[in-house]
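Asks: Next come the chains, spelled out residue by residue.
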Amino acid sequence: MSFRARLLVAFGVAVVVPLLIFAAGVRREMDRRLTAEYGARVDAAVEGVRTQLGREGTDIATRLGALAAALSQDNRFRLATQDDPASRRYLLDLAGNAMRLSGLSFLEIQDSAGRILSSGHFRNAFDRLEPALPRALGSANGPALVRDRSATGSVMVLARVDSFRVAGRRFTVAGGTSADAFVAQLPRTDDLGVTLVLPGVDSTALPPYRHSALTALPIPYLDLAAGATTLDTARLVATGSPETLALLRRSVVSWSLLALAATVALALLLAAWLAARVNRPLAALAEKTAAIDLDRLDQDFSTDRTDEIGALSRLLGAMTDRVRTGAARLRDAERRVAMGDLARQVNHDIKNGLGPIRHVLRHLDEVARTEPAALAGVLAERKGTLDSSLAYLDTLARNYAGLSPALRREPCDVNAVVQEVVSGSPPGRVKTVLSAGLPPAAADRLVLRRIVENLVGNAVDGAAGRAGDVVTVSTERAARDGEGLIRIVVADTGPGMSREQLDRAFDDFFTTKEGGTGLGLSIVRRLVLDLGGALRIETEPGAGTRAIVDLPVSGESPR
Amino acid sequence: MVFWRGSAALGGLFIFGCGHGPSPAAVPAPAAPPSPASACLIGTSGVASPDTLTVIAPQSDSAAVAATNTFDTLIRLDCEGRPIPGLAASWAHDSTSRVWTFVLRNSTSPSALDLATAWNSNDSASAVLEVSGVREAVADDDRHLVVTLEHPAESVPSIFADRTLGLPHPNALPAIVVHAIDGRDPRDLVDRGADVLITGDPDVLDYASRRPGTVLAPMPWDRVYVLLLAPEGRPPAELISADSAAFRAGLARDAVRAEARAARPPYWWSDLTSCSDTAPRGPIETGATSQVTIGYPASDPVARALAERIVALGDSSWFARGLANHDFEIALHGGAMDAYILPLPRMSLVPCRDASWPEGATLVPLVETRRTAILRKDGPALVIGGDGSLRPDKSSGGP
Chain A
1 MSFRARLLVA
11 FGVAVVVPLL
21 IFAAGVRREM
31 DRRLTAEYGA
41 RVDAAVEGVR
51 TQLGREGTDI
61 ATRLGALAAA
71 LSQDNRFRLA
81 TQDDPASRRY
91 LLDLAGNAMR
101 LSGLSFLEIQ
111 DSAGRILSSG
121 HFRNAFDRLE
131 PALPRALGSA
141 NGPALVRDRS
151 ATGSVMVLAR
161 VDSFRVAGRR
171 FTVAGGTSAD
181 AFVAQLPRTD
191 DLGVTLVLPG
201 VDSTALPPYR
211 HSALTALPIP
221 YLDLAAGATT
231 LDTARLVATG
241 SPETLALLRR
251 SVVSWSLLAL
261 AATVALALLL
271 AAWLAARVNR
281 PLAALAEKTA
291 AIDLDRLDQD
301 FSTDRTDEIG
311 ALSRLLGAMT
321 DRVRTGAARL
331 RDAERRVAMG
341 DLARQVNHDI
351 KNGLGPIRHV
361 LRHLDEVART
371 EPAALAGVLA
381 ERKGTLDSSL
391 AYLDTLARNY
401 AGLSPALRRE
411 PCDVNAVVQE
421 VVSGSPPGRV
431 KTVLSAGLPP
441 AAADRLVLRR
451 IVENLVGNAV
461 DGAAGRAGDV
471 VTVSTERAAR
481 DGEGLIRIVV
491 ADTGPGMSRE
501 QLDRAFDDFF
511 TTKEGGTGLG
521 LSIVRRLVLD
531 LGGALRIETE
541 PGAGTRAIVD
551 LPVSGESPR
Chain B
1001 MVFWRGSAAL
1011 GGLFIFGCGH
1021 GPSPAAVPAP
1031 AAPPSPASAC
1041 LIGTSGVASP
1051 DTLTVIAPQS
1061 DSAAVAATNT
1071 FDTLIRLDCE
1081 GRPIPGLAAS
1091 WAHDSTSRVW
1101 TFVLRNSTSP
1111 SALDLATAWN
1121 SNDSASAVLE
1131 VSGVREAVAD
1141 DDRHLVVTLE
1151 HPAESVPSIF
1161 ADRTLGLPHP
1171 NALPAIVVHA
1181 IDGRDPRDLV
1191 DRGADVLITG
1201 DPDVLDYASR
1211 RPGTVLAPMP
1221 WDRVYVLLLA
1231 PEGRPPAELI
1241 SADSAAFRAG
1251 LARDAVRAEA
1261 RAARPPYWWS
1271 DLTSCSDTAP
1281 RGPIETGATS
1291 QVTIGYPASD
1301 PVARALAERI
1311 VALGDSSWFA
1321 RGLANHDFEI
1331 ALHGGAMDAY
1341 ILPLPRMSLV
1351 PCRDASWPEG
1361 ATLVPLVETR
1371 RTAILRKDGP
1381 ALVIGGDGSL
1391 RPDKSSGGP
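Line by line, the protein sequences are chains A and B. First residue of the first sequence? That's 1 in this note's numbering, and the numbers climb one at a time after it. First residue of the second sequence? That's 1001 in this note's numbering, and the numbers climb one at a time after it.
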């Protein structure tokens, strides 16, 4: 996982987890408190309903008591109960008039047998027998809910009953007020209401907001319209709507999710920005560092940053400077070592070349002292040895002279040089792949020829004796660090080199071929560096060798 | 088709001029017409009739009262249903009892020709004559109108007292100004001294009877309430079983808050077979629910009381439903209810016209009602007509 990914994940986790815990806690606490508050409100509502029900029952009882008292004193009622025809119509209209006067919506006067003498809510129901009404109301402890027939359907009332005596006979008067009006005048809010639930009615069939029935107040119920004669139980259900709580929950969840999303987005953006701020200069440093080798110690680590990355960059720069200094010293030491080796070799070679001459001169001196006459003959005899030694020394001198050629940098047609070299090679052993339109390299043509000759010669020698081995010389345009280069690749299909051989390949006088001087690659490397180019060898045992020379393009100053 | 349909007044003249129609020589001398029954005279006899008479009446009675003194018919019916002179001072029939000759009053401005022409040119009048079996009506001269019937009639046909066959008489005195009660407390109107207040409200009558300046005069029993059962209505058996004298008497005595009595036969709708081909009656439909619904016109308290009493005697599936007059007519002919409380005129001059209920329905007469006229004691003497009309008593020396 990359540094950036780790940073993003860390930021996300660090922000999301606390926020989720916070949102869950808020929701749970809010849920608990609201539920408790709803419960308290519903309890209060039920208590209020109970109080109002009692008050309504008392009010009805008071009115019925007054009516009963008035009826017991009413002479026309007394006459009517004694079958006085002239008072018959008065009796039939009596309950209706009394009901309106007393503000009731239900009134029924019955005799002791339960026969309706006068009905206020259903005038023409007279003479019907309805004894269940006073009996049931009398057994109820307080007001009861009564559904009775009317001409157009039914009426639902909160009713009570009273009784009085006239002429030794007992009469009952049952009266009440509209149950719908009672329920309607109960206090209710958008989320708290009271609903009358009759027996047999499934409370889950109530409108949706009333499903959460919390508390119910039982109330006696007599359904005369359905023929019932005994009390059942209806319920005044106080309900709290879950809607408000649900809305609040949804709101909290929504806002939490919104805050979470915003926070995560901001955290990720911040993490990405931080990662970019940290990662980009580190990547640049890594890239510069990766490009450092002993041949490329010119990376610029200078920076204006004052933070840790700036310090790191400066450390790398200082380290590169030290490496550069060390490399220079190393090269100088190598050079001095090489010069010492060379001096010893030259000394050795010269001694080797001077040895035969010294022997010939001692011989000639001895002949001159002992046999002067034979001097000319001996000289002629030993002249070949002298010539050979002198030729050896001459060759030696020329070889050493080649170690430090004079350089000129001028536009040089690389393809032309390659073709010249290849034309002098054994026929069929070397082929070329030359890139057309190649710009001229900035090089000394003679030096370039020596480079190519050495590399081609090495390759041809390396591939010698293996059937089908071919040396390929190719040229192409290349670039490194934005700088244009001319690349010359000399590849053979020879035996290649081991790692140890490759490590010493550029050492002077190291050679793997019989009769080699061991100076070829060393000279080539030195010449390439002198031209401002680079040389590298790619090889594996059995897979051939590729010598790659990168030279600066003419007109572009090498770094 | 009878002759007056599509013919013009000139046709009547032509007929008259060519001598068609029964010969006056064949007509027996007109008998003396009867006088109104004394029961039809209300008010203080001997007080001159004023130029204007203000009458307060329920909405349902307004039309009849408003027609008072503004239409003259050939004959009139007194409060007991007996024919009395109208435009015609006398009448007689020939030996076949099919040709009737009406002798118009000398002083009346409409002539026999005016009357025949009006009948011929009025579609409603023509239709009434047609469904009533009047073949033709011809003006013999200015004073003699000869009417030929499809079937013999031993008494003068009451059809000629129908307002449809009357002639406008807008300038008759006194001018009758009618006000509907319109929900106002009628006792306020009594207090203000209205000339005539017609009402059936027992509370108003009780109040008026206690005021020294008023006289109460019962009107004729003019309305009969029937229970109309749909032919397929549910459950007709229980409802019809209520058709007993004791039941009807109980309804009249207790259920109705008006002066009522049990309905008494004969009923004019008992024999409608003769006009079944012409009556615009369609089949009745019934509701599709398990409930038994009894409809009634909501503006009629008597109909409401009857419906509610019947519902009270039924089980809990019976309901009463009051409907506005227009909706009641639609329900009656369109169906959806099982029974109806239908107020009908107790006497119909044109039964085939007035029998407007759906075909196949069963009519159970329940109660009859009447109103009472509340008069000022110093008001004029009035004669009550069989159709609920009020006219000044001419014999009292009024204009």
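In case anyone wonders, no lab produced these hints; they're calculated from the structure. Check the hints yourself; a few may be wrong.
Label-pair restraints from in silico Cβ distances [as the list claims (entries may be wrong)]: (1) A:Gly-96 with B:Arg-1210: 46 to 56 Å; (2) A:Asp-93 with B:Gln-1059: 21 to 31 Å; (3) B:Ser-1290 with A:Gln-82: 18 to 28 Å; (4) A:Ser-72 with B:Gly-1334: 36 to 46 Å; (5) A:Asp-83 with B:Asp-1203: 18 to 28 Å; (6) A:Asn-97 with B:Arg-1135: 57 to 67 Å; (7) B:Pro-1212 with A:Asn-97: 54 to 64 Å.
Just so you know, even glycine gets a beta-carbon here, dropped at the ideal spot from N, CA and C.
Asks: It remains to establish, for every hint, whether it holds in the given structure.
Replies: Here is what the structure says about each hint:
1. A:Gly-96 with B:Arg-1210: 46 to 56 Å: 22 Å, violated
2. A:Asp-93 with B:Gln-1059: 21 to 31 Å: Taking Cβ atoms as reference, A:Asp-93 and B:Gln-1059 lie about 23 Å apart, which means the hint holds.
3. B:Ser-1290 with A:Gln-82: 18 to 28 Å: At roughly 42 Å between Cβ atoms, A:Gln-82 and B:Ser-1290 fall outside 18 to 28 Å, so the hint is violated.
4. A:Ser-72 with B:Gly-1334: 36 to 46 Å: 51 Å, violated
5. A:Asp-83 with B:Asp-1203: 18 to 28 Å: Taking Cβ atoms as reference, A:Asp-83 and B:Asp-1203 lie about 23 Å apart, which means the hint holds.
6. A:Asn-97 with B:Arg-1135: 57 to 67 Å: Hint holds: Cβ distance 59 Å, inside 57 to 67 Å.
7. B:Pro-1212 with A:Asn-97: 54 to 64 Å: Between B:Pro-1212 and A:Asn-97, where Cβ atoms are some 26 Å apart, the hint is violated.
This entry does not satisfy hints 1, 3, 4 and 7, going by the numbered hints stated previously.
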